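Protein chains in written order, with this note's numbering: chain A, 1 to 426; chain B, 1001 to 1352; chain C, 2001 to 2280.
I should point out that these hints are in silico values taken from the structure, not numbers from a laboratory.
Given the structure is predicted, the values throughout are model-derived calculations rather than measurements.
Each hint should be verified, as a subset may be incorrect.
To be verified - Quick list of in silico lysine to any residue cross-link-like pairs, SDA-like style, CA-CA up to 25 Å:
id : chain 1 : residue 1 : chain 2 : residue 2
1  : C       : LYS2010   : B       : GLY1160
2  : C       : LYS2010   : B       : LEU1176
3  : A       : LYS230    : A       : CYS417
4  : A       : LYS419    : A       : LYS49
5  : C       : LYS2010   : B       : ALA1254
6  : C       : LYS2010   : B       : VAL1167
7  : C       : LYS2010   : B       : GLY1210
8  : A       : LYS208    : A       : TYR58
9  : A       : LYS49     : C       : PHE2063
10 : A       : LYS208    : B       : TRP1257
11 : C       : LYS2010   : B       : TRP1257
12 : A       : LYS208    : B       : THR1258
13 : A       : LYS316    : A       : THR130
Claimed, not checked - If the Cβ cut is set under 8 Å, some of the chain B residues that face chain C in the computed set are:
id : residue
14 : GLY1071
15 : LEU1090
16 : LEU1120
17 : PHE1168
18 : VAL1177
19 : VAL1232
20 : THR1264
21 : GLN1295
22 : THR1337
23 : GLN1340
24 : ARG1342
25 : MET1343
All residues carry an ideal CB built from backbone N, CA and C; glycine is no exception.
Here's the letter readout for the chains.
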Amino acid sequence: MRPFGKPAAVALAALLTLTACGGGEATPAAQGPQPLRMTIWTSNEAHLKLFNEIAAEYKKTHPDVGEIKFDPIPFESYTTTLTTQIAGGNAPDLAWILESSAPDFVSSGALAPLDETLGKAQGYEFGDLTPSAVKLWQAEGKLYAYPFSTSPFGVFVNTDLLKKAGQKTPAEMIEDGTWTWEKVAAQNAAVEAETGKAGMVVRDFDYKGWDNLATVWGGWGAQAWSEDGKTCGFDSPEMVEAMTFLHKSIFTDKAFPGPGTTADFFAGDSAMTITQISRASLLQDAKFGWDLVPLPAGPKGEYSVIGQAGLGVFKKSANAAAATDFLAFFTNPANSAKLAAYFPPPRASQLTADTMAKSNPLLKPGQLQKVVIGGIEKGVVKPNHTGQAELSQTVRAALDPLWQPGADVKAVLDGVCAKIQPMLGA
Amino acid sequence: MTGRAAARPAPGGRVAGSGDRAAGSTGNTGSAGSAESAGGGGRIRRARRAPGGGGGGRAFWTVRRRDNLVGYLLVAPQLLGSLLFVLLPLGLVLWYSLHEWNVLAGTFEFVGGENYDRLLADPNLGEVLGGTALFSVGLVVLNLGLALVLAVLLNQRLRGTTFFRTVFFSPVVVSLVAWTIVWQFLLQDDGGLNGLLAVAGADGPNWLRGEGTAMLSVVVVQVLKNVGLNMVLFLAALQGVPAQLYEAAELDGAGAWTRFARITVPLISPTILLTSIITVVGSLQVFAQIAVLTQGGPGMSTTVLVYYLYQQAFQFHHFGYGATLSVLLFAIVALLTVVQWRMRRRWVFNET
Amino acid sequence: MKREIPVRLKTLLYGLLCVLCVPFVFPTWWMVTSSLKPVSEIFAFPPRLLPADWDFSAYGQVFRLQPFAGQYFNSLYIALIVTAGTMAVAAMAGYAFARIRFPGQNVLFVVVLLGLLIPSEVTIVPLFQMFHGLGLTDTHWPLILVPILGAPGVLATFIMRQFFISLPGELEEAARVDGLGRFGTFYRVALPLARPALGAVAIFTFLHSWNLYLEPIVYLSSPEKFTLPQALTQFVDAYGGPMWNVQLAAASMTALPVLVVFVLAQRQFIEGLAHTGLKG
């Protein structure tokens, strides 16, 4: 190493210092218009067009802000890429945050609190935000991200398939008060038997994304863990009952397609699907009759579940103040109404069937009122916890033995708790 | 092509021993004899002054010194790159592994060996290492075996081998994303593969959901994707085996299998070494396919070390612990490579 | 091996080859034909070998939704620079390690070989920190410099070294008679002989750069700077669901040209490798 030893050592030392300092320190604000960067996980052109329009309007009144750049990162690698950028000292000024990583981001202190800016912003109507929608994004009474998308889960139903199998429509059942899990499972089993098509598909579950099952076990009053996040709920009697029902419906009654089978509701392959209502747009060219109804009632009555995405500002950003100001503009009542075309807003005043109908032409006001507005008001957010990714992976692995025909439900669920209780208690 | 150099007049004196000596010092066996004699020549040559080296001021530049200079200059870019883009990052990873690094909170605290204690106590580690071993062994055996079979098949004097060669190579250029998506679709319980088996009257398993079949599926999908590269290298090696050797062996009454085992395998053993090193190292770096096909499941059965590392660092935000796992992975790969490299003395016929 | 193969054996061999082809061809076939199907037909079961309705609209959409031509150019020029750069760096280092003797050579060779052992996931964070420190994120520099000089280039150096070792000892001798110095020997004599090994290096390197996925996603953030594998992930509908036919059309356009080049160049490549004894 003789000839290169010295320069290498110097370079090494220099870079070590450089990277050690670069561990997250933001560069001091320079003079002139400051650009803003916001990471997002959509690269849909309609979305980007809308964002850029809002940004252009903002810049008209804010010459001190330079280019506002929307950085699309693929959904699958979103959190990875964002984390790498933060670790490398290149955090964006604003970022979309997935619901599943919300507790991590909110509790870490990485985000700047928004209350003051949003509270002061003219015409913002900060109090308009629905409490159930902002709950996930708060810590110690402060709001750390704006829930720009608050989308309830509903049941899309292929009414043609139901008719073919000689079943009642959901509308009739809701009228009769028989829109319950028990009846719904029987219907789906009948569809499977009669038509050979799949019954109920819990979308994005696919025997891996277990948090989507909250849309089922909610009916039994079951929870993945207690409100305070400290006690495992998988071994509770409610959960055992709910999972026993689910297991029987999957493997005995065939009301749900089994593991390793695919059925796309939107292509007409299944009778029903539970998903967020924003997927309604996929039915634009549907060649079958369909309806959108709330989740069926369980033994514990009616319930609803929402999925969310937040928008936050990084505290370390050199332009945190400008970024927060832009966030206030981006989500003000007027822009929130525009965004509602794709992302159901958290604002109570915009949660009316009329406003929503304008942006969701495929849905009837009645459907919107029941599923969306009712859903957001009372909705429970999908399970989430600090360290969600690790918990989620652990639960996924521990639940795998459940998805076998002969599984011992209670034993598997006890096993889940044995694995995750230490992580929750910590 | 080597004839060109050999055909030139070669009077004694300067013999290129340096190259062979370099190889010899890292354990050359096949050409040890020539290296020795050539090295002797080199020593004599190096003792002399540079030929035709004009004035006395240039006496400093002996052949040896000039050789050294050229040598350093030639390796300089690669070496500088290795220092900057390999050693330095590796050093940093080691440094991180001594810290608790919460990327989101922006905290970076020195914790000494805590991450290493955690590594030893990690309840998942045993299963992860077992899965990794199974995956790598399965992948290497299947990949090299299939590559060799394909290469031998294509080395027969058949028409249309160009076509088949292209077919077997084609997955190498297909994007990984498209490749895994198609296979995910084919390996479903009601997917294309089981559809095909149903036609043959067999009831296929739920490939990606069964503990054993999930691992098998991940390995096979990966083998099919990359076996073309090894096949091409084997094919080239096979075509380099002189036909006279086979003819002579046949005259001695050797059967096809004997010819393969006694002539083909020893003669292409250096290629087997190269491909096995590349494949072993590559097998420890596969994770995108696992992320798409099984996400490490069912249970932890397909969670291999690099996927576990990726999960810990990027998904669970335990960067410090992720770095510790990186150090472990690096140590394993380094160890395996050293073992393979040492083993070549025993089973590589002629390290050329 | 010069004898004619008996007909029965021949039939058997062809049968075997054809069966073996299926798992290799089907996914690629599916990719290309599905890009010509309407979305609803793509996952139809049982899969159709040919589209029922030929639909070329996905190919138009690829260019409308993303600056795909520019992204194609990015991938191509990066891969070409990386290939040329790697060939140069690896040939030089490979030659020196194989045929010149200088102090510290073995230690340096081991230092370089370390790069062969490091998965890119391991070093991506420190590398990102370094490039960010230098202000080179969202540029193509990391995608060019790291593969040429860093870990991915080491395999190339290794291949070149193994090749140069296999050249006969008379090489330097002959060159000296021709009045060439050490560098001249490398450049005028050894390098022209190394064409087949360089071919192998070129193929490995080009494919590696062409298919690089993790690095571009981490380093690049402007769509006009994206590379192809990264661009493939960007064809999604309003809810993040992939637009299958468009994605597959883009994937087909990414794979087919490389395949064509391979078909055209393979004879030269394989036979070249064989005749010059790149045997590891």
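Here is what the structure says about each hint:
1. Pair hint LYS2010(C) plus GLY1160(B) holds up; C-alpha atoms about 12 Å apart against a cutoff of 25 Å.
2. Only pairs whose Cα atoms come within 25 Å are accepted, and LYS2010(C) paired with LEU1176(B) is rejected, the gap being roughly 34 Å.
3. For the proposed pair LYS230(A) and CYS417(A), the alpha carbon gap of about 11 Å is at most 25 Å, so the pair holds.
4. In summary, the hint linking LYS419(A) to LYS49(A) is not supported, as the alpha carbons are separated by about 46 Å, beyond the 25 Å threshold.
5. Annotation: proposed proximity of LYS2010(C) to ALA1254(B) holds, straight-line Cα distance about 21 Å (limit 25 Å).
6. Between LYS2010(C) and VAL1167(B) the alpha-carbon distance is near 19 Å, which keeps this suggested pair within the 25 Å criterion.
7. Distance check on the hinted pair: LYS2010(C) and GLY1210(B) sit about 39 Å apart at the alpha-carbon level, beyond 25 Å; violated.
8. For the given pair, LYS208(A) sits about 42 Å from TYR58(A) by alpha-carbon distance, which is inconsistent with the 25 Å threshold.
9. Taken as a hint, the LYS49(A) and PHE2063(C) pair is honoured in the structure, with Cα atoms around 17 Å apart against an allowance of 25 Å.
10. In summary, the hint linking LYS208(A) to TRP1257(B) is not supported, as the alpha carbons are separated by about 48 Å, beyond the 25 Å threshold.
11. Between LYS2010(C) and TRP1257(B) the alpha-carbon distance is near 18 Å, which keeps this suggested pair within the 25 Å criterion.
12. With a CA separation close to 50 Å, the supplied pair LYS208(A) and THR1258(B) exceeds the 25 Å bound.
13. Straight-line distance between C-alpha atoms of LYS316(A) and THR130(A) comes to about 28 Å, which puts the hinted pair past the 25 Å bound.
14. At its closest, the beta carbon of GLY1071(B) sits 4 Å from a beta carbon of chain C; the interface hint therefore holds under the 8 Å criterion.
15. Annotation: interface hint on LEU1090(B) holds; nearest CB of chain C at approximately 7 Å, less than 8 Å.
16. The interface hint given for LEU1120(B) is violated, since its Cβ lies 20 Å from the closest Cβ of chain C, which is over the 8 Å cut-off.
17. Because the beta carbon of PHE1168(B) sits about 6 Å from the nearest beta carbon in chain C, less than 8 Å, this interface hint is met.
18. At about 6 Å, the closest approach between the beta carbon of VAL1177(B) and any beta carbon in chain C falls short of 8 Å, and the interface hint on this residue holds.
19. Annotation: VAL1232(B) was flagged as interfacial toward chain C, and the flag holds, the nearest CB pair being 6 Å apart, inside 8 Å.
20. At its closest, the beta carbon of THR1264(B) sits 11 Å from a beta carbon of chain C; the interface hint therefore is violated under the 8 Å criterion.
21. With 8 Å as the threshold, the beta carbon of GLN1295(B) stays out of range of chain C, its nearest partner Cβ sitting at about 16 Å, so the hint is violated.
22. Interface restraint check: THR1337(B) against chain C, minimum CB-CB distance 6 Å, threshold 8 Å, status holds.
23. Because the beta carbon of GLN1340(B) sits about 11 Å from the nearest beta carbon in chain C, more than 8 Å, this interface hint is broken.
24. Below 8 Å, beta-carbon pairs count as interface contacts, and ARG1342(B) has none with chain C, the closest being about 13 Å; its hint is therefore violated.
25. Given hint, MET1343(B) at the interface with chain C, is violated; its Cβ is 13 Å from that chain's nearest Cβ, farther than 8 Å.
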